[in-house]
Amino acid sequence: MAPPVPEPDPAQSQPYLAVRDLTVRFDTEDGVVRAVNGVSFSVRPGRTLCVVGESGSGKSVASLAILGLHNPRRTRLSGQILVGGRDVVGLDEKQIRTMRGRSMAMIFQDPLSALHPYYTVGRQIVEAYRVHHPSAGKAEARRHAVAMLGRVGIPQPDRRFDRYPHEFSGGMRQRVMIAMALVNHPDLLIADEPTTALDVTVQAQILDLLADLQSEFNTAIVLITHDLGVVSQVAHDVLVMYGGRAVEQGTVEQVLRRPQHPYTWGLLASVPTLRGDPDADLTPISGSPPSMINLPAGCAFHPRCRYAGETEGRSTTEIPLLRPAGEPDHLVACHLSDADRARLREHEVTPTEVA
Amino acid sequence: MLRFLTRRLLSAVLVLFAVSVLSFLMFFALPRDPVTAMCPKNCNPARLERVRQELGLSDPLYQQYVGYMKGIFVGRDLSSALGGHCDAPCLGYSYVNSEPVTRTITRVLPVTLSIVLPAAVLWLALGVGLGMISALRRGTLLDRLAIGFSLAGASLQLYFVGAVLLLVFCYTLHVVPVPHYTSIWSNPLDWADGLVLPWVTLAFLFSAIYARLSRAQMLETLSEDFVRTARAKGLSKSTVYGRHALRAAITPIVTIAGMDVGAALGGTVVTETTFGLQGLGRTVWDAVREGDLPTLMATVLIAAVFVVVANILVDVLYAFIDPRVRLR
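Quick mapping for you: the protein sequence lines, in order, are chains S and H.
So in the UniProt record's numbering, spot 134 of the first sequence is number 134, and the numbers just go up one at a time.
So in the UniProt record's numbering, spot 43 of the second sequence is number 43, and the numbers just go up one at a time.
If you are wondering where the hints come from, they were derived from the structure by calculation, not from laboratory data.
There could be a bad hint or two in this list.
Below 30 Å or equal to it, Euclidean Cα-Cα: the simulated DSS-like pairs (lysine-lysine) are [to be verified]:
#1 H:Lys70 to S:Lys94
#2 H:Lys237 to S:Lys138
#3 S:Lys94 to S:Lys138
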C-alpha cells in the first residue's frame, strides 16, 4: 500500500487539487494531438470548479489525466498534478491505482453505459469499497453500500441493492454512480458532464444532491460541462477552455457576469433565456472547434473571433497568455486591451440572463 | 427463469415437429420408390411387395408418419424385417445395413461425440485465450503472431491440415497412433490417444475464427464506458480485464460456439473421412450414397435435435450471463 494521502488542511487554505502547467499529448497515426496545452487550476476542499468548453476543448482529457486513465504508451503528460500534495504525473499504474476511487473518484456522463450491465448495482458498489478496504467482510461492505445508496436518495436501498442497472431510471442510475464514487469518501470528485444525459428536472436534483454531499464530506469537485446553466447553479470557480488552453478563469460571478474573453461572450450569447425577448434569435459562435492536431497559429480562437482583426495582427502570430483581467483571481488570455473588451462586451452579451 | 425455459422448450418442440414432418415428406415425395430405396440389393418383386405391406407404405402418408413417430416414442412392430418388436426409440430398419437404425446410431454417435466435444473445449479455450491475449497486447509481436496463426487457420481446409498432420505426426514421427476409436469407458487413455489428432486439427481450424472474433470483441469492450469506470474505481488490471471486460466480450462468442458445436455434432463428414473414423458424419454420407432412406431420415432428425438443443443451451447460458435477457 502507498502511504496514505495527507488530510486536507482544515483551514481550507490549501487546494486539494492543484494542476500546474498540464500538457497532454497523444501520438496518433495522423500526428500529435495537442489535447491540453499548459493548463493550471486548483480546487480547495468544499469548492466546485466548473470546466467549460465545447467538445474537443480538452476538458475531459484533462480530467482523465488527473486519474491517470490514459493509455501510458500513447500519451505524453507533463506538468504537475498535485492531489492532496502528491504529484500523480509519473506515478506508475500500481501507485496511482491505490488513489483512484479513494482519494479521487469520478462519475461519467452516461450512467447506463458507465455501469456494468451484467452486475447488480450493489455488487459494483461493494467492489469499489472492498478494493480499498481489503479487510472488510462482505456483510460490512454491503452495509456501507446500502447506507450510501440510501444517502444518495435511492428509495428502499436494501432491496435496490440486488437490482441491475437497466432496472433503474436515468436519474437513479446517476445516483448509483455517485454512491459508487463516494463510497470511500474521496476528497476529490471529478464529474464529467454528470447531468448531460438526464432530463432537466432530474438534472437539478442531481446537482442538488452533489452540492449536499459536498457540504457533508467537504469534497473538492471538478465538474466538466458545456452547460452554463449548470455552471451558474453549482460553480464557485470557472475555467473556460478552448483549443486545449485556458482562455478565461475566475469566480463564477466574474466569469458569468463580467466575462472578458470573446469566446466566453459567445458561449453566453448562445444560451437561451426565459426572461429575454422571446423572438430574439440565439447567437451561435460561428465556425467549428479547431483540430487538435493542427491548432491555428497564434490565438487558437482567432478564426472564429469577430475581433481578431483589432489586435494589429497579433492574434495570428502570438499565443495570448493568461493575464489579470482587472479583478483579483480573474484571468483572461486575449490580445484585446482591457478598454477594448469593456467596450465590445456591451454589444455582445447581456450577462445577467444566465445567472 | 422457469417461464423463459418453458417457452424455449415449447418452441423447440415445434421446430422439431416441423423438421420431422418436412424430412418425412421430402423422402417419401422423392421420385424414387421408397421400397426400392430401402431395399436396393437382392430384391425380388415378392420381397419388395412384402416390405411394402409390412411397412404400411400403401397407407396414407399421415398414417405412415404417425407410425414412424410412434416408433420413436413407444416402439412399433417390425416383424418383417426384425422378426419382432422394435423397442422405442425405434428409428426404423435399414435394409442396406441389415440392422435397426437405432443400433447403427448408438454405435456411431459416441464416435462423433468423442471427436466434437473435446475438440470444442480445445478450440474455445485456445481461440478465446489467443484472442484475449492479442487484444490486451495489441500491436505487439504476440498480437501479430496470433493474427497470423488465425489467418492460417481460417484459410486452410480441414482435409489438407488433417492430411499433413497425419503424415507428420502419425506416419513419419510416430508420436501418435493411427486415429481410431475406443470407448472412453473401456480405455480412456486409448480413447484420447486415438482421437488426439482430429481434436488438434479441428481445434486449430475452429480456434482461428474464435481468436479473431474474441480479439475484436475484447477490443470493442475495452473501449466501453464501464471498463473505464472499473479502472476509475481503482480495480487491478486483472480484475478489470478478467471480471469486467471478459464477461461482456464473451457473450456473443457463446452464441456462435453453441451453434458451431450443434452443427458439428450433426455430422463431421470431412473430419471423419479424413481420419477414417466411422461416426455420424460418415454414416450420413454412406446413407446418401446408398439411398438408405431410414438411416438418412434418422440422422436428419438427430442433427436437428442437436442444433435445437444447442440453441436452448445458448439461450439459457445467455440468460445467466446477461441479466437483461431474463426479462424478455
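Contradicted hints - numbers only: The structure conflicts with hint 1 only, although it agrees with all the remaining ones.
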